[in-house]
Amino acid sequence: MNQNFHPGLHPDADQLSIFVEGADTAREREHMLAHLAECRECRDVVFLMQGKPETSSAAKEASEGWVWQRWFAPAVFAGAALVAIAGVLIYVRPSTRNSQSDRQVAVVQRPEIAAPGKPLAPGGNGALATESGKGSESSETDDFALADVRGQSAGSADSEASNAPNEPSSAGALVQGTQTVTVAGSAPRISEAAPKPEAQLEANSIQQIEIKGRNTMDSPRPAAPPAVQAGATPSDSLRTGENYAAALPVEDQKVQNPPLSGVSGHVTDQSGAIVAGAAVVLRDGSGSTQQITTSTDGGFQLTGVPAGHYDLIVTAPGFKINQQSIDLKPSGLAMVQPVLGVGAVTESVVVTAQAAAVETDSASLISTTSLPSRLPVTSSVSLDKRLLSLDDAGGLFLSRNAGKSWKKVHPQWTGKAVSIGVIASGAVEAKAKGEASGSESGQDLFQLTTDAGARWTSKDGTHWRPQ
Amino acid sequence: MATVDIPSAKLDEHRLQADTVATGSATSVGMALVPSKRLLSEILARELWEKAAAHLVELTEAEFAEAVEAIGAKDNFGLDPGVEASAKQREAYWRALHLEELAIARGCALGRAAAWQRFLAQYREPLTRIAVEMTGALSLGEELADSLYSELFGLVEREGKRLSPLFRYSGRGSLIGWLRAVLAQRRVNQYRKTSRESPLGDDIDPAAPAVETAGLEHVEHLRRSLEGAISTLSPDERFLLSAYYLDARTLQELSGVLRVHEATVSRKLKRATEHVRKELLKALMASGLSRRAAQETLGIDPRDVDINLRKLLQGPEDGTISIKEGRR
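From first to last, the protein sequence lines are chains A and B.
Take the numbering used here: the last position of the first sequence gets the number 1111, and nothing is skipped along the way.
Take the numbering used here: the last position of the second sequence gets the number 354, and nothing is skipped along the way.
No lab work stands behind these hints, which were simulated from the structure alone.
Among the hints, erroneous ones may be present.
To be verified - To give an idea of the chain A side of the interface with chain B (calculated C-beta under 8 Å), a few residues: (1) L660; (2) I662; (3) A678; (4) E685; (5) Q694; (6) I734; (7) V736.
By construction, the Cβ of each residue, glycine as well, lies at the ideal position given by its N, Cα and C atoms.
Bound-form chain A, shown alone:
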């Protein structure tokens, strides 16, 4: 390059392009700038080379780089703080969830849609899902404005804390709703069959079509909710499988299809464990329904539904029915986190040590949660939010937070407790009075039987009285 900077010569196209692209050395750059300062002609060439799109993109890159350098450190701290807050919420939320506070109303705001060809702002909610199936949590944080459904429970005031663990803390639309209690009857035990037929899931996934003209990418794993990629090229849409083979480019979709809505989320139980195989039914005002089964990670997604008011009903064997009202706005994806209450009467659950999922294929309740006595659990029963466990030595322990902490129940009976259960109080009273059982319905009670055969009942698991 230096050889071309003799007096009387101008830089050639190669040197100009190297300068414009920043591939020059410091010495070359200095020479070029010195020449440009004096030569209007070459300045014109350089500015003409920029072009409109390149100029804006270069400025944008420069701007982004500058902002990145300037805000890098605060952004890291802010991100760390958000993660910490999310962690606290994840820890606190399950214990504050009420099994009866499952009616939620979600109002979803219209998501921001980037103009075709215009890059989305980095770091925001517009981050693109580069590949579906990488994880249900990350894929759901993508293009849609996520509705943070906040509930107000009649029984639990603190349930209006933020949402379930999987929700992104940077969700776009923050919507508050009202929760009312709608708890249907309990379900009996669960069959041993796998709760999620693959065929059904795949059939349901077909419903996951474009929302506001965006191509939906099929998930490699049927269980994972599909990610949505904004501005996907037609070739991208073709990669989504034959179900989407007819997917049109973004602009065409915008014109031809009315904006549709969807609902997505994860089903968990009170302890925060995901519930796989739960049936999620979306029912509109006319009574027509769409159904999908939660995947192995508890996730579900129903898309391609018209905007409007819906009832979302979640059922799973061994759990109470969860029903909530949802208002779906056009082009919105409502994020809900149904929490299933433990079924009443005789239901029992097995909680694995990893608490990864609720195992529902066993009739007996064996909790691997260690009791304060460090003895094996003989049996456990639950009533409402209380979990009662009996260990080998006859020690009785009560937990009010789904087994996270235990409190020993002081024996008010003589002998050793050998079994525990739950019965309806009506039966007790009827028995006591010699009347026919079932004549009146009352509150369910804990019942224990001592080795001497005496039966004791308790409403709260702490205060016992002989039957």
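Starting from the known structure of chain A, fit chain B onto it as the hints suggest.
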């Protein structure tokens, strides 16, 4: 100022001569730059040849090795003149080249049909689009692009050899960037040719002689001080002042060229003007003026300062930039 009108084609030819000397790969003159001792090992040459997919454009290993060696020798592998590059530095330099694009360009320059097919497939559409974007009109843009095609194809021959401008592509930048630069140069040439016929000169303000002859007491003194102040500026500051004040470029345009944020450009501009003002004040005070008188001198007439600045930044009138004068 001398304004010798040199036709654009002649100017390009002049450029070509200079660049051919610099590139030195296709002509006998250029071959002298290729070092007598082969610096590129056969293993690395083959690796680069394969990486460039040069076989797809019908380039032999020897041809490609000669090209990359000549490019490295021309630039002294990115080092200062006189510094000898180590083998590692040479290898890093060669590997950093846009090898595939270099192979296409070199293949086209040598008239290989396969190279032209690849070139047309990859660059025809963007080249036309860029030309239309630069000219602002479809017909003008297509005309500009077409004229460049014929030139790139190497219709000009000298001493029995094709002379394609693509020989001058070094592979240090992208090929599309190089094509963009070539188009921009031709567009500016074209524009200069037509604008020369317009009555308004764009460099020298007609009012300048009037100011100079106005007989203001301190103007000449101010001019000398300004010359000293401008000379203390760094090249990028001079470029910024020229582009911003003389060409009326926006901060966004400047930030695009310098690849810095607009705020940085703004700060640099402010710093440069403040520096000039301080230097001026200092020079005026050193010449015996009181501070107040110096400040008054600075504020005589801003247009006077602007006129002087234009002249200073735009270059001396002693003809050191001869080609530029000829193109005006």
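Tested hints:
no., hint, result
1, L660, "4 Å, holds"
2, I662, "4 Å, holds"
3, A678, "4 Å, holds"
4, E685, "6 Å, holds"
5, Q694, "5 Å, holds"
6, I734, "39 Å, violated"
7, V736, "42 Å, violated"
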